[in-house]
Every structure is written in structure tokens, then in C-alpha cells.
Amino acid sequence: MGLVEIIRHFPTFYGVLRQMRALLNSRRPDLLILVDYPGFNLLLAKSAKQLGIPVLYYISPKIWVWRESRIHKIAKRVDHMALIFPFERAYYQRVGLPATYVGHPLVGEVGCDGSVEQVREKLGLDPQRKTVGLFPGSRRGEVVTLLPELLESARQLSQQDPSIQFLLSQAPELPDTLFEAAELFQGHLHRVKGDAHCAIHACDAIVTASGTVTLEMALLNRPMVVIYRMAPLSYAILSRLIKTRWISLVNIVAEREVVPELLQDQAAAETILQQLQPLLQQSPEREAMLQGLEQVRSTLGEGHSAARLAELVEGMI
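Sequential numbering of the sequence shown, starting at 1296, is according to this note's numbering.
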């Protein structure tokens, strides 16, 4: 959300905050559970703390990405942090805030019934063709920026190997007009709206925008190339603010480069193909990536995060 949108929604934001503060004051709950959204929730946590109401915060602010200094404010306002990434625990240990890794909510929820061939047929693809996924993101700006390079990559790869088919994933909330350029593609390309997990399952390898979807691909054991572009000024500013070495959650969880990341001008068709082609055959690069994805799945655990979160809640009331 940009600055203009924040300013436009500020009256609503502040109005909801006042209502929630009034409810806390009148009802005095035994426990306040906050979920993500630190810009709002840390203000509410401060109010709860002043009223003596314990605070459990689920899904930590991303202090490991930027503004780590917020951790001192968090430690003063929150009684217990429920984490979805195991590496986050070390940050809170340093300031003495109790923190429990409950697991990532995606684990155990990501899947698609049927064999790869069955899923391809269900989605309208040729069950036997090698399949490359094109995932341009779930935001309008991402699609506008990334789709042209994805289609150009597909065009060049299709010229080299006409038997390859392409699955273009469309987030269900995005309009079809954003994807009109795909209708001009000369080759085997099928657009799938929604049904992201089965779309991932149907692919041999994927080129994807950065985001939570990379974790879904890791959980479904699909090799990927991660790309991202933004306005040059935004990139110049963010690259100085963001602390993480990587942008994809797969690499952040693994704490090493498991999947290639192509940013800005690197996210061009020729570079994408250089990284993608080894993943479409039984190559050392594909095998190394599959081993890395297994490490990520192992790190995230076996699911049941809701049950562990419920146990944490019971222990605080």
C-alpha cells in the first residue's frame, strides 16, 4: 500500500483503533490475541498493556527484513510471540521476550489430489507434455511488470523446444484484461485462474514472482526461478532499508540460496532461461535444488500449527 492509500484510509484506521480501545476498556478480556498487521496491532497492544491485559501476538512483524529496532517496542507491549518461522526465535531471545515457534500455517494445508498427469488433464493441459509454470504474482503491478518478460521467456523456450507447454497462473481476484497479451502467444500456453496448488503440482519447473507462493512451491517440491522488478527509485530506497540477503521466503528459511533470484534488470528473458533450462532435465542443478527444498520443508516442520497455537492460548488464560 502506497503513501496516498495510507493517508486516504487513515480516518477509517484511527476510527477502528478507537473502537477497539473502547472495547478493551469496557470488556477487559483475559487475553488479547493479535495477528500480523503491526502498524495497527502494536498500537492496540500498547493500550492492552496499559490496561493490564496479556497480549499474545501471532505472526511476528518482519523485523528480520527491516526496522529491527522495533523489537524493543514489541518487547514492552507483547507478553508472548507465536512464530511461524523458526529463525525468528533468536531475535526475541536477545530481548528476553518469550517466543514459541508454532509452525507455518501453510504446512499441511498445501496439496492437490491426483497424479501430475491427472491434474494436468483436469486443468486442460496435455498430460504428457513437459510443463513450465509462469506465475506473475497476485498484485496488478506485479503482473504488469513481470508478465511481458515471462511471456518472452516462454516464446524463446518454445522456439527451442516446441513440445513444451506453459501454464500461466492467474490470481482469481485479478481481471482477465491484465492477461490479454497471453492470448497472442504462439505456442502451447494455457491460463489457469485460481486453483494455485494444483497449478503448481502440474508443473515440472516454474518461473515465479517472489512471495508466499514460493513457500507453496517448496512444499509441493517444485523447482523454481524467482524474479522481481519494481520502480528504480523504490528499489534504490528499499535496497538500503532491507536487511535480508534474499527476497524469496525459500532462501530466507533455508538461510542460503536454494533457488535463484533475478532482480530488476536481471529479470530478463535471456537470464531467466539460463536459470530455468537446467531445471527441466535431470541435471545437478535440479537435484541440488530439490535437496534444498527438502531442507526447507524439514525446517518448517510437520504442520498442526493451529493446535500448537491453541495450546499456547490455553496456557495464557
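Source of the hints: derived by calculation from the structure; they are not laboratory data.
Each hint should be verified, as a subset may be incorrect.
DSS-like, lysine-lysine: derived pairs with alpha carbons at most 30 Å apart [said to hold, decoys possible]:
| # | residue 1 | residue 2 |
| --- | --- | --- |
| 1 | Lys1357 | Lys1371 |
| 2 | Lys1371 | Lys1344 |
| 3 | Lys1341 | Lys1368 |
| 4 | Lys1341 | Lys1371 |
| 5 | Lys1488 | Lys1368 |
| 6 | Lys1538 | Lys1425 |
| 7 | Lys1368 | Lys1344 |
| 8 | Lys1357 | Lys1344 |
| 9 | Lys1538 | Lys1341 |
Across the chosen pairs, the derived CB separations fall in these ranges [claimed, not checked]:
| # | residue 1 | residue 2 | range |
| --- | --- | --- | --- |
| 10 | Tyr1309 | Lys1425 | 22 to 28 Å |
| 11 | Arg1540 | Gln1388 | 18 to 24 Å |
| 12 | Asp1325 | Ala1370 | 45 to 51 Å |
| 13 | Gln1590 | Gln1345 | 26 to 32 Å |
| 14 | Lys1488 | Gly1436 | 31 to 37 Å |
| 15 | Arg1435 | Asp1325 | 38 to 44 Å |
| 16 | Val1330 | Leu1558 | 39 to 45 Å |
| 17 | Ala1601 | Glu1565 | 20 to 26 Å |
| 18 | Glu1565 | Val1439 | 55 to 61 Å |
| 19 | Glu1580 | Leu1533 | 39 to 45 Å |
| 20 | Tyr1309 | Val1439 | 27 to 33 Å |
| 21 | Pro1470 | Ile1612 | 42 to 48 Å |
Positions of the beta carbon are idealized from the N, C-alpha and C atoms, including for glycine.
Evaluated hints:
no.: 1; hint: Lys1357 x Lys1371; in the structure: holds (17 Å)
no.: 2; hint: Lys1371 x Lys1344; in the structure: holds (8 Å)
no.: 3; hint: Lys1341 x Lys1368; in the structure: holds (9 Å)
no.: 4; hint: Lys1341 x Lys1371; in the structure: holds (8 Å)
no.: 5; hint: Lys1488 x Lys1368; in the structure: violated (42 Å)
no.: 6; hint: Lys1538 x Lys1425; in the structure: violated (38 Å)
no.: 7; hint: Lys1368 x Lys1344; in the structure: holds (12 Å)
no.: 8; hint: Lys1357 x Lys1344; in the structure: holds (21 Å)
no.: 9; hint: Lys1538 x Lys1341; in the structure: holds (26 Å)
no.: 10; hint: Tyr1309 x Lys1425: 22 to 28 Å; in the structure: violated (53 Å)
no.: 11; hint: Arg1540 x Gln1388: 18 to 24 Å; in the structure: holds (21 Å)
no.: 12; hint: Asp1325 x Ala1370: 45 to 51 Å; in the structure: violated (22 Å)
no.: 13; hint: Gln1590 x Gln1345: 26 to 32 Å; in the structure: violated (43 Å)
no.: 14; hint: Lys1488 x Gly1436: 31 to 37 Å; in the structure: violated (19 Å)
no.: 15; hint: Arg1435 x Asp1325: 38 to 44 Å; in the structure: holds (42 Å)
no.: 16; hint: Val1330 x Leu1558: 39 to 45 Å; in the structure: violated (30 Å)
no.: 17; hint: Ala1601 x Glu1565: 20 to 26 Å; in the structure: violated (44 Å)
no.: 18; hint: Glu1565 x Val1439: 55 to 61 Å; in the structure: violated (21 Å)
no.: 19; hint: Glu1580 x Leu1533: 39 to 45 Å; in the structure: violated (29 Å)
no.: 20; hint: Tyr1309 x Val1439: 27 to 33 Å; in the structure: holds (32 Å)
no.: 21; hint: Pro1470 x Ile1612: 42 to 48 Å; in the structure: holds (45 Å)
Of the numbered hints stated above, those contradicted by the structure are hints 5, 6, 10, 12, 13, 14, 16, 17, 18, 19, listed in ascending order.
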